[in-house]
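Undergrad: Taking the hints into account, I'd like the entire structure generated from these sequences.
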Amino acid sequence: ALPRHAVHEEGRVYLVQDSALTWADVEVVHAGRERAVVRGLQEGQQVLTERLSAAHPGMRVAPRNGGR
Numbered sequence: 004a005l006p007r008h009a010v011h012e013e014g015r016v017y018l019v020q021d022s023a024l025t026w027a028d029v030e031v032v033h034a035g036r037e038r039a040v041v042r043g044l045q046e047g048q049q050v051l052t053e054r055l056s057a058a059h060p061g062m063r064v065a066p067r068n069g070g071r
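My numbering runs 3 ahead of the 1-based position in the sequence shown.
Treat the hints as calculated values from the structure; they're not laboratory data.
All values derive from a computational prediction rather than experimental measurement.
All residues carry an ideal CB built from backbone N, CA and C; glycine is no exception.
Wrong hints could be hidden among the right ones.
[As the list claims (entries may be wrong)] Taking CB as the label site, the calculated pair distances span:
1. R36 x R15: 16 to 22 Å
2. V32 x A65: 19 to 25 Å
3. H33 x G61: 28 to 34 Å
4. R63 x H33: 31 to 37 Å
5. E37 x R15: 14 to 20 Å
6. V32 x R63: 14 to 20 Å
7. D21 x T52: 14 to 20 Å
8. A4 x T25: 30 to 36 Å
9. Q45 x S22: 16 to 22 Å
10. E30 x A65: 24 to 30 Å
11. N68 x H11: 29 to 35 Å
12. N68 x E37: 15 to 21 Å
TA: This is how it looks when you write it as structure tokens:
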């Protein structure tokens, strides 16, 4: 499950790929107030879970917590 705020409109999440953000489409299976269960991610993909108001595809980022 992901933090609910990590899933954006139209069922999209930001992935961290090669230290940059990219969009990924996911299917929301269940959404609660704080968590969302999604389908469509591969094991090992890094999802942006921080709230970044200026986030956009191509934005350079440095994963924290070992990229988990």
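Undergrad: Sort out which numbered hints this structure fails and list those numbers smallest first.
TA: 2, 6, 8, 11
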